[in-house]
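Engineer: Please put together the full structure from these sequences, using the hints given.
Protein chains: 2
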Amino acid sequence: MALKSFVEVSADSHFPLENLPFGVFRPKPAASTAAADPLPPRPGVAIGDFVLDLSAVASAGLFDGPILKNSQCFFQTSLNMFVEMGRPAWREARTTIQKLLSADEPTLRDNDSLRDEALLPMIEVQMLLPTVIGDYTDFFSCLHHHKNCLTIFGEMENGIPPNWENWFHLPMGYHGRASTVVISGTDIIRPRGQGHPRGNSPPYFGPTHKLDFELEMAAIVGPGNELGKPVDINQAADHIFGLVLMNDWSARDMIAWEYVPLGPFLGKSFSTTVSPWIVTLDALEPFACDAPEQDPESFGCFTELSRNGQKPLTLTNGSERKFLEDGDEVILTACCKGKGYNVGFGTCTGKVLPATP
Amino acid sequence: MALKSFVEVSADSHFPLENLPFGVFRPKPAASTAAADPLPPRPGVAIGDFVLDLSAVASAGLFDGPILKNSQCFFQTSLNMFVEMGRPAWREARTTIQKLLSADEPTLRDNDSLRDEALLPMIEVQMLLPTVIGDYTDFFSCLHHHKNCLTIFGEMENGIPPNWENWFHLPMGYHGRASTVVISGTDIIRPRGQGHPRGNSPPYFGPTHKLDFELEMAAIVGPGNELGKPVDINQAADHIFGLVLMNDWSARDMIAWEYVPLGPFLGKSFSTTVSPWIVTLDALEPFACDAPEQDPESFGCFTELSRNGQKPLTLTNGSERKFLEDGDEVILTACCKGKGYNVGFGTCTGKVLPATP
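The listed protein sequences correspond, in order, to chains A and B.
Per the numbering used here, residue 1164 is the first one in the first sequence, and the count goes up by one each step.
Per the numbering used here, residue 1164 is the first one in the second sequence, and the count goes up by one each step.
Honestly, the hints are just simulated from the structure, not real lab data.
Remember, predicted model here, so these are calculated numbers, not experimental data.
Copies of one chain are not kept apart here, so a pair can be met inside one copy or by any two copies together.
Once the Cα atoms are required to be at most 35 angstroms apart in a straight line, the calculated DSBU-like pairs of lysine-lysine come out as:
(1) Lys-1392 x Lys-1485
(2) Lys-1310 x Lys-1392
(3) Lys-1191 x Lys-1392
(4) Lys-1392 x Lys-1474
(5) Lys-1392 x Lys-1514
(6) Lys-1310 x Lys-1474
Structural biologist: As structure tokens, then:
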């Protein structure tokens, strides 16, 4: 049975009272004040088609639990301070917000002026990056994606024998570019770079020929550990605030030429898109299940779907794609299906623009 | 001929009036107030054995140029705001500070109370990371280091043919971990991780057997470019605030096992040390010269010096090293030699502590 909020939440909404994902938003300026400075970013929680302004809730003194009572964490322009406070603070906030938004709780429901101030229609706000990102690391979680990429790039382009023995022992990861992580909706300019045709031809420079997406989940990690002190795997969940969708845009021709020996770099670093609403582990916990068997294969990018451009994919509108073309928009979405409700991630979108001249 | 400051600067100092490197420091609390909160970090400039507190200079209204006059950039806890202002602001600050500290300028020289407030003995301050680091990328600049590493790891351990053709066409780089860049003097705890012995043995887990240093220069980059808009190479200097020394600590056994296909990761990400004083391009400009021919080889780490542990190195105290041992301290230093003065980088130090149990 779904929980009931006084805010209307449609049956197919990703954001019912069971979810309550955190983000950072800025009210769009009213048309009459378009020339004024934009309003400052502040933390919010999604409920149905509305955003609950946590700075307004905090200003009204409604975070009255022992951890958040006198905290400045919801008066910041990012969620970093709140994330660094750890799971007890996250749970206290969730409990307070869930009660405040429930159908039978009058505090916010019956206070017209506070409700108007604190609950903003989602279409009237601009979503921003929810945290300042101190570092970004990317992992292979799927053996078949790893095998596919190694086979496609390794065997087909570089004559290097596939070697995935270390995959079974290690987290196969690398650092991405923290400073080019962008929020859903940001346009993606086709990057220029080098590729290398087969055989003895010299490398070429120009807009990538093989712009690809990658469907990923990203974890927002905090609080951190002390330098040099490992995190016990049993405490891992205390360090993961929540998850977002991620599109790890990739220029495959650039990666194939650059990735030996230091790994992917310019073919990945031009942009990485994340969805704006961080879904907490507490919201996801009821949906925990065993990991799927890693067979048969699942495909999460054009490199796999089109076998590196060898087999074009027919889209539902009849057009064909080997890789992304200028003007294409990629929309990722995901949700957990509960009984009578969803706990969803909203969307993670980006449109491909032509390379700059 | 060296410039003359009213602050005494010894002939071998790295920090004469010609240098004026920027950093961020915190006055060490006096013994009597040890229990009090630490004083907030603020920007400073090194002069001889002293630090000029730029927040004190700004409070006194002595930054009177058109760009810095009403700026809050020296009241921040990092240099980010100042760095993002660009080269005109950097040059205006340098001109103002150089004049203020010169022997024939009475403003600061003859104002006892301001001088006592603004000029702090370097031994009475703690240096901090000068900027919040949004991203950190690492490049091969030396062909021979690249060849050496590929030969040592590629041929000797993985049976992969060395391939350095792309080095001649591309910046061979990767992203390091921005969140583990630490300031000079921070202890380095020997990391635990996986290595893989030769042959068919399984991988082992434990403290690295091959802890190494790497002598590098790091550029502090800012202001940034707009996403998707490349920086013209002729404008590159406008985006580089200055340089520091960097020790890119490396666990060679971990890297050898993990680096195919995504590049160095856990064997690099445990700590990277930078020196605290950012030497500006304007201070270095008089020493610009042609790059050295990349032959014969120069060695910048134990992997090269000891041929991956095959040939122990005899230190000046008679002891031998293949790689770093617990208790070893690595001290990097560098300076440009002018006529009667140096423009130096100070030191970049770190001591190796045993792995955590």
